[in-house]
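Could you build the full structure based on these sequences and the hints that come with them?
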Amino acid sequence: MKKTVLAALLPAMLVAGAAQAATVYQGEDGSNVDVYGRLGFNISDKGSEDTQGNFDGRFGLGGSQTVNDKVSVIGWAEYQVNAAEGANAGKGNDSLTARYVWAGIDASEYGKITGGRVASGLIMLTDIADVFAASDVAIARQVGDVDSTATQVFRQDGTLQYQNSFDALDVSVAYILGNGSSDLDAAYNTALRYTFDLGNAGKLAPVVAYQYNKGNDGDKYTFWGAGTRYYVGDLMLGAMYSEDEVKRDGSSAKSTDEVYELTAVYDLNADWVLRAGYRSLDNKDGDNLELKDTTFEAQYKLTDRSSIFTSYVFRDGDNGQSQGFAGDASEDFYHLGLRYEF
90 MKKTVLAALL PAMLVAGAAQ AATVYQGEDG SNVDVYGRLG FNISDKGSED TQGNFDGRFG
150 LGGSQTVNDK VSVIGWAEYQ VNAAEGANAG KGNDSLTARY VWAGIDASEY GKITGGRVAS
210 GLIMLTDIAD VFAASDVAIA RQVGDVDSTA TQVFRQDGTL QYQNSFDALD VSVAYILGNG
270 SSDLDAAYNT ALRYTFDLGN AGKLAPVVAY QYNKGNDGDK YTFWGAGTRY YVGDLMLGAM
330 YSEDEVKRDG SSAKSTDEVY ELTAVYDLNA DWVLRAGYRS LDNKDGDNLE LKDTTFEAQY
390 KLTDRSSIFT SYVFRDGDNG QSQGFAGDAS EDFYHLGLRY EF
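Sequential numbering of the sequence shown, starting at 90, is according to our numbering.
Each statement offered as a hint is correct.
No more than 25 Å apart at the CA atoms, straight line, and that leaves these computed lysine-lysine pairs for BS3-like: (1) K309 - K373; (2) K309 - K343; (3) K381 - K343; (4) K309 - K336; (5) K373 - K343; (6) K336 - K373; (7) K303 - K343; (8) K373 - K303; (9) K336 - K303.
Read the hints as simulated data drawn from the structure, not as lab findings. It should be emphasised that the depicted structure is a prediction, and the values quoted were computed from it without experimental measurement.
Written out as structure tokens, the structure is:
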């Protein structure tokens, strides 16, 4: 099996950027400092009748300090860099937005404890759907109604998280304290993944995940999901189902999203990667958003770290009472992008 496919099986213990970071300092005791960056330019008509160009940038810095042969202090900070050129300057588009900011302890086989705006263990599940450069992930989109700091269930401020791997089993549990603007009473999540080695038939990696948030105002948010990835040769297949639900205090109504996604990724050769997927989202008793998206994408690797992506998304959904999601739910769009990573 190719190294690129095997790498996808590794536990989601670090954010994607940290996993790809370059080491700029390595001490004799094993301490290190890493940096990561991503710059991109995208052309698309998503969310607009006209073709538009958008800058995409990220920068991360972190590393570890060795305490002894078993324990290290670790940390990572990664920011979204918004374009500040021309008309964007001074209009709220010239700032840094924190994606991940955390510190913790790596205790080797005893696991990792991290605190801050961490990469949630639920990414083990959401990554099944999050394979496209063009598409925005719709899973768990309602959690922000209860925790304003949340970016779906990928990351939330004030999270204390434990993660470990026991042979083929990956485990993540977290308690979410929130911060001054979160207004949380209680929140927690957990995720489990088990990887079955099927020999020549490949690998199967099922995942289950759950999250609960309760605000100080009594509003409640619940998320659960299950899915799997299957790896064989140069092909990766994914399937998942999830539900997230918001219940307002004093109301019997529950806004519920039911989502299922199917994905396929094929490494055609050393230069080309092909992707395809289907997404269905149906909201009940909320904004009644309906998504029916079919995505086709091709990636050409200019180098090991830089690529050109081109995608087309066929959409047959309904905005309901919402403003749509990643543009009008019924309007197809295309995407062309150049991504440079370092």
